[in-house]
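> Here the protein sequences come in this chain order: Z and P.
Reminder that position 60 of the first sequence reads as 60 in my numbering, one-by-one numbering, no gaps.
Reminder that position 99 of the second sequence reads as 205 in my numbering, one-by-one numbering, no gaps.
Treat the hints loosely; a few may be bogus.
Stated by the list, open to error - Stretch by stretch, here's where chain Z covers chain P in the computed footprint (C-beta under 8 angstroms, at least three residues):
| hint | region |
| --- | --- |
| 1 | 148-156 |
| 2 | 181-191 |
| 3 | 201-207 |
To be verified - From the derived model, a few chain P residues whose C-beta atoms are all more than 12 angstroms from chain Z:
| hint | residue |
| --- | --- |
| 4 | V110 |
| 5 | G122 |
| 6 | N124 |
| 7 | Q143 |
| 8 | S164 |
| 9 | S172 |
| 10 | E174 |
| 11 | P176 |
| 12 | K177 |
To be verified - Sample of chain P residues at the chain Z side, in silico, Cβ under 8 angstroms:
| hint | residue |
| --- | --- |
| 13 | E162 |
| 14 | M195 |
| 15 | L197 |
It is worth saying that the hints were derived from the structure and are not from the lab.
No experiment lies behind these values; they were computed from the predicted model shown.
Glycine residues also receive a C-beta, built at the ideal position from the N, C-alpha and C atoms.
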Amino acid sequence: GIQVEQSPPDLILQEGANSTLRCNFSDSVNNLQWFHQNPWGQLINLFYIPSGTKQNGRLSATTVATERYSLLYISSSQTTDSGVYFCAVEGDKLIFGTGTRLQVFP
Amino acid sequence: DTGVSQNPRHKITKRGQNVTFRCDPISEHNRLYWYRQTLGQGPEFLTYFQNEAQLEKSRLLSDRFSAERPKGSFSTLEIQRTEQGDSAMYLCASSLRGGGYTFGSGTRLTVV
């Protein structure tokens, strides 16, 4: 099956810093999504991005499907950005990576 | 559109008891998925339905687990004779084929 690797596994930032999260996947995919899981366990969809670049406020994402990776950029981080960020790719079903745990301190 | 709804939010049960969870997907979505997430891990696929047909089941879904989606609307996930290893967050998602997945808030199961 498709393998999904995320890096770094943990990230600690001070408020205001920028960061880049990476997702590598092992095969061609039909879909790629980035999620933020809040402390209550809710998975919040950030981007549906099988290819190209999208931006939403302080967040943006780029997927280079031919090279099998995606990047999530967080600019001017805030404490509310803390949580776990998951990349998930779909062949015939959505497969999740192990996540990046982000902690943003004031 | 009120999103994907899951009930209950939390369930504590004694080992050996049966439990049932419910998921109400987004009404226009024809695909419904169940995932399980344990502490420190990403969600793992359990099973999915297209309309009322169950199209795939993971090897994680032992004989004690059964899922149904009567009439292609809401779905239920039942766990019989629960074990402590079943303690996890159970997540439901829905999608249109070829579209993004929307997840519910999950049901957190604790088996004591």
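> Hint numbers the structure violates, sorted upward?
2, 4, 7, 8
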